[in-house]
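Asker: So the chains spell out like this:
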Amino acid sequence: MSAERTLMRGSNVIAESAIMAGCRFFAGYPITPQNELPEHMAARMPQVGGTFIQGESETASINMIMGAAMTGARAMTSSSSPGVSLKQEAISFMCGMELPAVVVNVMRGGPGLGSLAPSQGDYFQSTRGGGHGDYRVLVLAPGNLQEMANLVYKAFDLADKYRNPVMVVGDGLMGQMMEPVVLPEPVNPASLPKGGWELTGAKGREKRKIYSMILGQGELLEHCHHLQDKYDRMEAEDTMWESLYTEDAEVIVVAYATAARVMEGAVKRLRREGHKVGLFRPITLFPFPKAQLRALAGEGRCIAVFELSMGQMVEDVALSVGQRSEIHLYGLPSTIPTPTQAREFLYSVVKGDGKVGRRYEI
Amino acid sequence: MSQPTREKTFTRPRALTQADTHYCPGCGHGVAHRLLAECIDEFDLREKTIGIAPVGCAVFAYNYFDVDMCEAPHGRPLAMASGIKRMLPEHFVFTYQGDGDLASIGAAETIHAANRGENLTTVFINNAIYGMTGGQMAPTTVLGLEATTAPGGREAKRDGRPLNITAMLALSDGVVYAERCALNSVKGVRAAKKAIRKAVRAQMDGLGFSIVELLSPCPTNWKMSPAQAWKWIDDVMTQTYPVGLIKDATGYED
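Heads up: the sequence lines are chains A and B, in that order.
FYI, this note's numbering numbers position 336 of the first sequence as 336, with every residue one higher than the one before it.
FYI, this note's numbering numbers position 164 of the second sequence as 164, with every residue one higher than the one before it.
It is worth saying that the hints were derived from the structure and are not from the lab.
Careful: at least some of the hints might be erroneous.
[Unchecked claim] Straight line, CA to CA, 30 Å or less: simulated DSS-like cross-link-like pairs of lysine-lysine:
1. Lys157/B - Lys223/B
2. Lys223/B - Lys209/A
3. Lys203/A - Lys223/B
4. Lys193/B - Lys203/A
5. Lys203/A - Lys157/B
6. Lys194/B - Lys207/A
7. Lys203/A - Lys48/B
8. Lys157/B - Lys209/A
Whenever a hint applies, use it, and build me the whole structure from the sequences.
Answerer: Next comes the structure, spelled out in structure tokens:
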């Protein structure tokens, strides 16, 4: 199965790639637009000797995967925006307790129940640590289904590497669409190295305890420094991005996932028409490829931010670029963005007529 | 005269550490910890036990049990335990929870884990009050008991009625064993030991969810002496929460 190209739906790609990565525990609660993912897991987990539980809530589901993670198992949960809000408590705990797990957010429009349309409105929630306390999660934002397969697979390795939850974000469009995909090679969970922290019963060793309450004078400060060292290491070692035509571009579009996919077509079209435009696509939203974007700014270049929210990633763009370049923003929350909308924004920035989107001031 | 024979008849259970207690004088947690640890020893489970501490007074339970342990977010121990047990089905997995954790913020996780028939054991400490946070009203606070958030004592009309969650859980077919005991007398402690032993056995035999509710004194927040607290359990608390067997579908002969 693995070496073949198979036409698959996004939700199934996520589920199957997780199984290939050795995920053997999944818990989730129904919410549109990601129901195909837990449904796939409900059918497949028993076939691979794994466990699927439909939790009574998103909160319970993520606490179940936290339990599975305590034993060293590769575990995953998925949901969509309102459900991911409910998972934030446990994500904070898992960061504090340094537990690896993968959390998938197939984003929908918000705030509140919002809409089912594609959205990128959970950028802040994902990248700023949507729960309480000083923490970060690695956030992966694949741009097509092959990359989705590769990054879901990689997410489990990164979670283990950093002993930290890793979030994979998409939207309803990516969850529903179908593309040919080559799935990664299956991992045998028994072959995965042990970390020496897992709860397996204190047989022939001292007992282990995993907890997040650290009351001793100065101890939490020390723990937060230890966590920050990991976040710094994520930035140094695992920041991912992709550039297209940025070398000589006068306008560089910054967009990720679905927005980048639509923008890529527009950038190619404008290039054919002779406009010097390029695309910068962050693949990790945290760590954001700050230095890489900063290196492209300045020298009269314009930065054009296109995202499916009122303007969230634009703050990271502004932090990266500073005053080096003008920043223009076109935010389209809860929308299936059309190639025409993407092109019109680009034309507007190229001409500098300000007709589409708005100037983003720091 | 010959030397008197000296024999050790009372020792610390292997499954307990020598950590100094942080519990208040007269609190029932220490006794409950010991009873569970004795049962873990009796079934020779220390090396295959995973325990889950709650949020509340027993948050530091992992310092007292000499077994692998973790701490759950408030109310979530049984969801977490479900994940652990499904991955380690041969292990003994227990949650140790207070009334706020189990019956208020964690009511959904408690009911659904029990109703799924998760093969788990819960020791439920009912002291009718929030201890760690300083005496606020618990879901189990009995009518009339003074709490910092129920000034003048709990009133049904204003504050709702005490929740008998163990009896509610017993309605589910997933629950194989439920018993309530009181830690305010030698007789009660002995009954509690017997109940915990049965609850542990039920899990190791794979029968389903087992729970032992322990009425436990909290002299500090009840604003009583330990002796008054013991008496209050008999005189008042057991009127709302009668001690005894609630459900036994284990088929064990006592």
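Asker: If a hint holds in the structure, say so; if it doesn't, say that too.
Answerer: Going through the hints against the structure:
1. Lys157/B - Lys223/B: The hint holds at about 24 Å.
2. Lys223/B - Lys209/A: With Cα atoms ~33 Å apart, Lys223/B and Lys209/A exceed 30 Å; violated.
3. Lys203/A - Lys223/B: 43 Å, violated
4. Lys193/B - Lys203/A: Holds: Lys193/B and Lys203/A sit about 25 Å apart, inside 30 Å.
5. Lys203/A - Lys157/B: 53 Å, violated
6. Lys194/B - Lys207/A: Measuring from Cα to Cα gives roughly 26 Å; hence the hint holds.
7. Lys203/A - Lys48/B: 7 Å, holds
8. Lys157/B - Lys209/A: 43 Å, violated
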